[in-house]
Amino acid sequence: MSDTGEFERIDAQAVNSSGKRSPLYAARVKVFPKRASGDFRRFKWIIMFITLGIYYLTPWLRWDRGPYAPDQAVLIDIAHRRFYFFFIEIWPQEFYYVAGMLIMAGIGLFLVTSVAGRAWCGYTCPQTVWVDLFLVVERAVEGDRNARIKLDNTPMNANKLAKRVTKHTIWLAIAVMTGGRNA
1 MSDTGEFERI DAQAVNSSGK RSPLYAARVK VFPKRASGDF RRFKWIIMFI
51 TLGIYYLTPW LRWDRGPYAP DQAVLIDIAH RRFYFFFIEI WPQEFYYVAG
101 MLIMAGIGLF LVTSVAGRAW CGYTCPQTVW VDLFLVVERA VEGDRNARIK
151 LDNTPMNANK LAKRVTKHTI WLAIAVMTGG RNA
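With the UniProt record's numbering, the residue at position 154 of the sequence shown is 154, and numbering never jumps.
Since the hints were derived computationally from the structure, they do not count as laboratory data.
Warning: the hint list may mix true and false statements.
[Claimed, not checked] In silico DSS-like pairs for lysine-lysine, Cα to Cα no more than 25 Å straight-line:
#, residue 1, residue 2
1, K160, K30
2, K150, K160
3, K30, K167
4, K167, K44
5, K163, K150
6, K163, K34
7, K44, K34
8, K150, K34
9, K34, K160
10, K150, K167
11, K167, K34
12, K30, K163
13, K150, K30
[Claimed, not checked] Cβ-Cβ distance ranges computed for the label pairs, FRET-style:
#, residue 1, residue 2, range
14, P23, Q72, 52 to 62 Å
15, G106, A147, 41 to 51 Å
16, R82, D144, 48 to 58 Å
17, R81, G122, 32 to 42 Å
By construction, the Cβ of each residue, glycine as well, lies at the ideal position given by its N, Cα and C atoms.
Please work from the sequences and hints to get the whole structure.
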């Protein structure tokens with residue numbers, strides 16, 4: 001305030017020296033994650049191995065239910081409107097069991113996330129598990145962080161093309177195994 005009780009007007013100045021406005025978004029910068037090591041990382045590898053094992057091996061587990069029943073241990077049979085979970089067979093009129101299990105799973109996920117959010121987000125979240133799997137493939141094909149940066153900065157040649165095609169082919173194979181083969 002000035003001595004007369006009125007506010008002084010101060011014109012706004014550009015922050016950058018050129019006086020031009022900066023773009024709203026920054027240019028895309030590639031990220032090359034560095035390999036982590038230690039006890040928590042080792043624990044994360046174990047959890048990743050277990051969760052991927054459950055996901056990929058569950059369809060191959062067999063369970064004898066007698067004649068005229070499927071022998072798959074875990075099966076959601078939409079065509080015949082039945083769910084099979086090992087020794088449990090759920091018919092449509094018993095769907096409240098499935099609803100109850102889903103509600104309990106949702107509440108359990110909420111509680112675990114609110115109490116120890118990193119336990120879910122950092123170790124068992126499907127996105128985290130598959131990103132780690134894809135990074136393992138990238139590291140195995142293209143090398144460690146410095147080798148990937150060097151490869152990215154080189155112009156396209158036969159070696160770079162071969163590594164990229166190999167990496168993306170393995171990624172595609174993982175995606176097909178994850179998404180299923182029935183179209």
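Exercise. Against the structure shown, which of the earlier numbered hints fail to hold, in ascending order?
Worked result: none
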